[in-house]
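Protein chains: 4
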Amino acid sequence: MTPETERLVSLRREFHRRPEPAWREFWTTARIVEELDAIGVDDLFVGPDVLDAEARMGTPDADDLEAWIDHAREAGASDDLLDRLAGGTTGAIAVLDGEDPEGGPTIALRVDIDGLPRAESDAGDHVPAAEGFRSENDGAMHACGHDAHATIGIGVIEALKERGFTGQLKVLFQPAEEVVGGAAPMAESGHIDDVDYLLAVHIGLDHPTGEVVAGIEGFLAVSHFRAEFAGEPSHAGGHPAQGRNAVQAMAAAVQNLYAIPRHEAGATRVNAGDVGGGTAANIVPEDAYIEGEVRGETTALMEYMREKADRVLRNAAEMHDCSVEIETKGEAPSATNDAALVDLVEAVAGTTDGVESVLRHDDLGGSEDATYLMRHVQEQGGKAAYVCVGTDHPGGHHTATFDVDEASLPIGVSVLADAIRQVGEHRP
Amino acid sequence: MTPETERLVSLRREFHRRPEPAWREFWTTARIVEELDAIGVDDLFVGPDVLDAEARMGTPDADDLEAWIDHAREAGASDDLLDRLAGGTTGAIAVLDGEDPEGGPTIALRVDIDGLPRAESDAGDHVPAAEGFRSENDGAMHACGHDAHATIGIGVIEALKERGFTGQLKVLFQPAEEVVGGAAPMAESGHIDDVDYLLAVHIGLDHPTGEVVAGIEGFLAVSHFRAEFAGEPSHAGGHPAQGRNAVQAMAAAVQNLYAIPRHEAGATRVNAGDVGGGTAANIVPEDAYIEGEVRGETTALMEYMREKADRVLRNAAEMHDCSVEIETKGEAPSATNDAALVDLVEAVAGTTDGVESVLRHDDLGGSEDATYLMRHVQEQGGKAAYVCVGTDHPGGHHTATFDVDEASLPIGVSVLADAIRQVGEHRP
Amino acid sequence: MTPETERLVSLRREFHRRPEPAWREFWTTARIVEELDAIGVDDLFVGPDVLDAEARMGTPDADDLEAWIDHAREAGASDDLLDRLAGGTTGAIAVLDGEDPEGGPTIALRVDIDGLPRAESDAGDHVPAAEGFRSENDGAMHACGHDAHATIGIGVIEALKERGFTGQLKVLFQPAEEVVGGAAPMAESGHIDDVDYLLAVHIGLDHPTGEVVAGIEGFLAVSHFRAEFAGEPSHAGGHPAQGRNAVQAMAAAVQNLYAIPRHEAGATRVNAGDVGGGTAANIVPEDAYIEGEVRGETTALMEYMREKADRVLRNAAEMHDCSVEIETKGEAPSATNDAALVDLVEAVAGTTDGVESVLRHDDLGGSEDATYLMRHVQEQGGKAAYVCVGTDHPGGHHTATFDVDEASLPIGVSVLADAIRQVGEHRP
Amino acid sequence: MTPETERLVSLRREFHRRPEPAWREFWTTARIVEELDAIGVDDLFVGPDVLDAEARMGTPDADDLEAWIDHAREAGASDDLLDRLAGGTTGAIAVLDGEDPEGGPTIALRVDIDGLPRAESDAGDHVPAAEGFRSENDGAMHACGHDAHATIGIGVIEALKERGFTGQLKVLFQPAEEVVGGAAPMAESGHIDDVDYLLAVHIGLDHPTGEVVAGIEGFLAVSHFRAEFAGEPSHAGGHPAQGRNAVQAMAAAVQNLYAIPRHEAGATRVNAGDVGGGTAANIVPEDAYIEGEVRGETTALMEYMREKADRVLRNAAEMHDCSVEIETKGEAPSATNDAALVDLVEAVAGTTDGVESVLRHDDLGGSEDATYLMRHVQEQGGKAAYVCVGTDHPGGHHTATFDVDEASLPIGVSVLADAIRQVGEHRP
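Protein chains in written order, with the UniProt record's numbering: chain A, 1 to 428; chain B, 1 to 428; chain C, 1 to 428; chain D, 1 to 428.
No lab work stands behind these hints: they were computed from the structure.
Check the hints yourself; a few may be wrong.
To be verified - Going by beta-carbon spacing under 10 Å, a handful of chain A positions derived as facing chain D:
id, residue
1, Val254
2, Leu257
3, Ile260
4, Arg262
5, Ala267
6, Arg269
7, Asp353
8, Gly354
9, Ser357
10, His361
11, Gly365
Note that CB positions come from ideal geometry on N, CA and C, so glycine has one too.
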């Protein structure tokens, strides 16, 4: 293992050990800042300076945030930095100037940094458990490889600082991807208004170590919602007609949500993924909720589903004399890659050490809020591509045994750093 | 306040301060035993000796029981007694011999002793909070007056020991009424096989202090069930057709449970009172549950509902390619009072100090597992009646502000002790 | 067979041969008028003079009425009379004065006269088929004994004219009972405002020939509705999202109608008895309907159900972006008998020739719009009872093989005529 | 207008005047045979000789067939031919030998000949009404252009007989396309086992006169089903619990059919297009039905939907204690064109008189049972293409005002005859 690889592995394990779910990436942000300070960058923004706070969605409540801030403090984050993030704004943007930073292209690299609210496996054959870097934050886990993403972001800065490039590089350390909540406020922050090229990266996605996909397509636009139904309780034996049954409302909604008509214009999705209601067998349920989502192959199809879902939710409530409040908790549009940028990545990957197979396209079939950033750049005349760096992963994404093959870390750094150098030179 | 009343009040407040939900009445049983030992009874059985353990329903798991045993130990229950109750069998039966215990009638008095799994109000105008005997067990509360019932049971023994009576008295300190789970195993224990007369008592039920109802009717037979649906998760965006959706199964079941046809033979009830399912908005839900109940004006009507509910639950699961496990968590038949015993109680109450109004009958419109004991006694040729002792209660039964008017405690003791003396003498 | 009985049988068979469904009793009314003219009564009102036309419900359209009027004309009804009924107002009220018509009580007898829209059996063992008086009106049948009722009404007038009585008798030949539509407009006509006693009669009801029930109870209040859902069609393969699916709306309504909560105050009913929608397998359905009913043990309970049903129907439509029109097609309140009048009928029946068994009460468990008349009389201080005259009937009411035992006709005439004489004399 | 065009127009109007729905094309088959006999073909098969009778689906009952046979006889079809078709097997296959019929390729042209069970407009601006060739068969109409298809089939034979071609031509005059029922038995008849090239043709499809689409794609595989639910009736007021409610079963099925999960592998469809149940508002419904369909972008996706639909239907019935019978009424797989054949048609169309615009592909978004024939040919090594000949049509397909622009008839004949000549010569 080269010293560079050793450093990447060590950094990734550090992140892996301290996963922080969406909007709680206090220690993670602090650790990134610390590292970047050590490397030396030309500009560095954090927290409230990298987000339009109004545009955030799915943020936790104050108690929740406070607990994670305390946790970060105990883990070594500086009081100074924590004070700046305290309102619940996390993430960072690092700026590195290459040659001709004014005249050359502005190139952004987006890496996301949040963990997931799920427990990590402690099985003996789960490498993080076996080698002692399993999550120390109970109930949280880097189960989607964002620990590797943060590491690759730092690695690219280090590599380009050493090897040089043309133009200006902005690395976006984005919070809250898992709730499709962090990209929109970063897109609205002003920092990417001048970006000419945006690369986003994801590791794994069922592609093995040594494989690179130049342009991931098939992003479904998504809207994640929470509906809270409120009725009135009564004793189910003595006063069954005195209640207003929120569980009946919820069940009617579930049945009719899944029954929203398919659309001839393309794929749609709907899921009532987390539901509940009521208090006891003998009480007519006074409250219920659905946490769910709708998706569409295009943003318009997602909006078709959202409008229909709203109609179902409101009338299911009203049908059972209940009220309902519907909150949008996260949202992302669909997006597509620019062919010229995909061409370039495809060519670069084909000559990168360690890369054995290059695919031009593959479909995600899921959602990603990087699409907000991609569209923002494209709407202003820039180009964007979403690159996948393969990694052998024993468990699927989001499962308790997910892990990355650390051999893919230097491959990711090389492909992206080379691609950025080529973009600077050739402006595709 | 007489010394007797003072003692009843003090005892009731002690029970109130330490509510223990169904099957966890470790400290409560210990405290009753301690008190009865002090009074002196002719026989005293506890825990495994008062229940047919096989007939229990709705019992908690081992960890849960262990925690409450520890709690009881800290609160002063003796290790000795706790050892005897350890398997999760609570409750006690006290035997008091009057004159001619062999030749005279065997008379049982049933009082239930469990609390509810709900938090108690800490409002300033809630008397237990204001006077310092609010629940010390977080999340548990005597919100249905069983603290008063246990107290009355002890008070009756004390009164009859002093005043004498004919025959033999068995006071049944029954656990787990709130989950309709404790009466069946006590009925099957053998202890009431020789009972000629059974009186059960409840306080309140919307009747004011000074009012007595000689025979509560309108018990709905009930069956409390839990259905667990199991499917298979998948990513709702990428693989919507690979899951087997347990929430769809649950919602279809809820809709069709409430739609079970009404029955021409009398009142029926159904409720899906506590439901839930799934894990996250973007995962096809792999599990779901319904905790619910069916009731009927007669046991046959309840069984009609149960059979229909089973059919709905099984086919809702199968419809969505899920499995379902249905567990009966509690059950009680319907029952009626014996007129001769009601006559006697009505007459006695009419001459009891403090009683201002006597009703012959009123309808419960709910369920009570005392019906198991009533029917057991009746099936063997005995007679039973269910007596209500009114008490002003500011909040409704099962609410956070429920409380009893302690002036009703001595009234309850008098009515019941007098009734037992009259039964012994006149064998109605 | 006495000549009186022969005459009753012949008259009943004539009615049986020409059944006319609700609001189409043109020939039937004409035939009754003809008969009463022959007998001679003191006053005779028909059609528009016996109904408040505004209060009618469930009336057929003009073409339908015209066809039945033509039919009645061909069957011998006079043009003169048909002209008076033409607006679709059928039925008659005959007034017969006894002794002291001003000073004595006003007594009403209600008989209904409409047939049912169903085909009659032509089986060899169906007496009307075997003996040649099967329905000549295809698709219509006297399958509920109203042919016998009309006959008994005429028979009672004839008997009392001969035997005399005290007071004044009004016989109400009421149309449109089967759609619970004729009683309300007759109650509002003014004719029964001065009625002191009302007897209504029904034959059969599963009671054998020779049995009389003095007071039928258990009338469920009912409201019969039709809901028409309107959406928009589209090709189910090519444009599934362009339609607005009325069948989805209807199905959601059906599921939730049956799931309206049971009511603690008494029995309720709901039924979606006739539903349909759509045009072809490959077209998103643009229309659908539910013809259904709600009932309640009391009028208030029926109204509870109706309000809930309306809520369900409207929101099911709205949920699927459809509209719905809800029409009340018929309606009747609940009602109870006056004990004093039941006492009298019970006593009279006990001494009537041919009566072998007298029941004081039995429950209908269904609905009847006679309740409108009963309540109207009671609200003005009068008394009412609903009498059942048993008759052996091979098929059930409303089935193709229903028939009456004609031996019950003179029994019915005797019981009612005697009861009216007793009422006149004793004013119970 | 040339004499050839005049003849095509006259023939098409004759067919238009006598539309016969699926499996009832008695007169149509007879007329085609008559015409082919006049032209002279090398072989001609009809009815039972062109179908595997066992493979038919969606066939009418005997009375229905008899009525249409009588009708055809009155319209001039010969008794002889009608005798051969009598079992309900319609359609014909004509064989025309070109040069080298043994050594050259066998080329099939498929035209469908059935009408639709819907009334035709009699509006003054509907050309068939204005010019006197509106449907004379009440309730039936050529509303999808199959009259033009039959005409084009005859026209192509006539043209090729005159102009010559290489190989052998089989023109398949296929019955019962509208119920996706006629192609499967023709595919199984043996007649196309030796076919090397298959062209199918459709007119219109929203393409204007002068436009040709060389290869229609986007056929959805389809399965059309009928589910009959059987329960038990009871009086909804008196005996609500004695029935077994088929409408509840149907409604539960409808709700859950539409809620079958979307599939990640491609488009699916489901529709409950024609439903009904019950008899009267006051009867618990004893029967109900759903006539519906499922579709999929591939045959596998359609089968996924069908398996799920079956599961829903069976469990919805069982849930309400009803039985269900599910019958497949029609079915067609998906299919794709062979590029080489599309290339040829595209090239030919580009040089045909009257063709102004040639599209290579367009999506049908619906279903067609020609796919059975296409797949049968392809499975045996042959090639297939589905050609659309544009025609201005005022009303949409299947509507009362559908009509074709007769100027498209000679274009269709030319394109297809030229294509067949080119295929014979070049064997693409």
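Each hint, compared with the structure:
Taking 10 Å as the C-beta cut-off, the interface hint given for Val254 of chain A holds, the closest approach to chain D being about 9 Å. Interface hint at Leu257 of chain A: satisfied, since its Cβ lies 8 Å from the closest Cβ of chain D, which is below the 10 Å cut-off. For the restraint placing Ile260 of chain A at the interface with chain D, the shortest Cβ-Cβ distance is roughly 8 Å, inside the 10 Å limit, so the hint holds. At a threshold of 10 Å, the smallest CB-CB gap from Arg262 of chain A to chain D is about 6 Å, leaving the interface hint in force.
Annotation: Ala267 of chain A was flagged as interfacial toward chain D, and the flag holds, the nearest CB pair being 7 Å apart, inside 10 Å. Interface restraint check: Arg269 of chain A against chain D, minimum CB-CB distance 6 Å, threshold 10 Å, status holds. Taken as an interface hint, Asp353 of chain A does not check out: its beta carbon lies about 35 Å from the nearest beta carbon of chain D, beyond 10 Å. Against a cut-off of 10 Å between C-beta atoms, the interface hint on Gly354 of chain A is violated, since the closest Cβ of chain D lies about 31 Å away.
With 10 Å as the threshold, the beta carbon of Ser357 of chain A stays out of range of chain D, its nearest partner Cβ sitting at about 24 Å, so the hint is violated. The beta carbon of His361 of chain A is not positioned within 10 Å of any beta carbon in chain D (closest approach about 17 Å), and the interface hint is therefore violated. At a threshold of 10 Å, the smallest CB-CB gap from Gly365 of chain A to chain D is about 6 Å, leaving the interface hint in force.
Hint compliance for this structure: hints 7, 8, 9, 10 are not met, and every other hint is.
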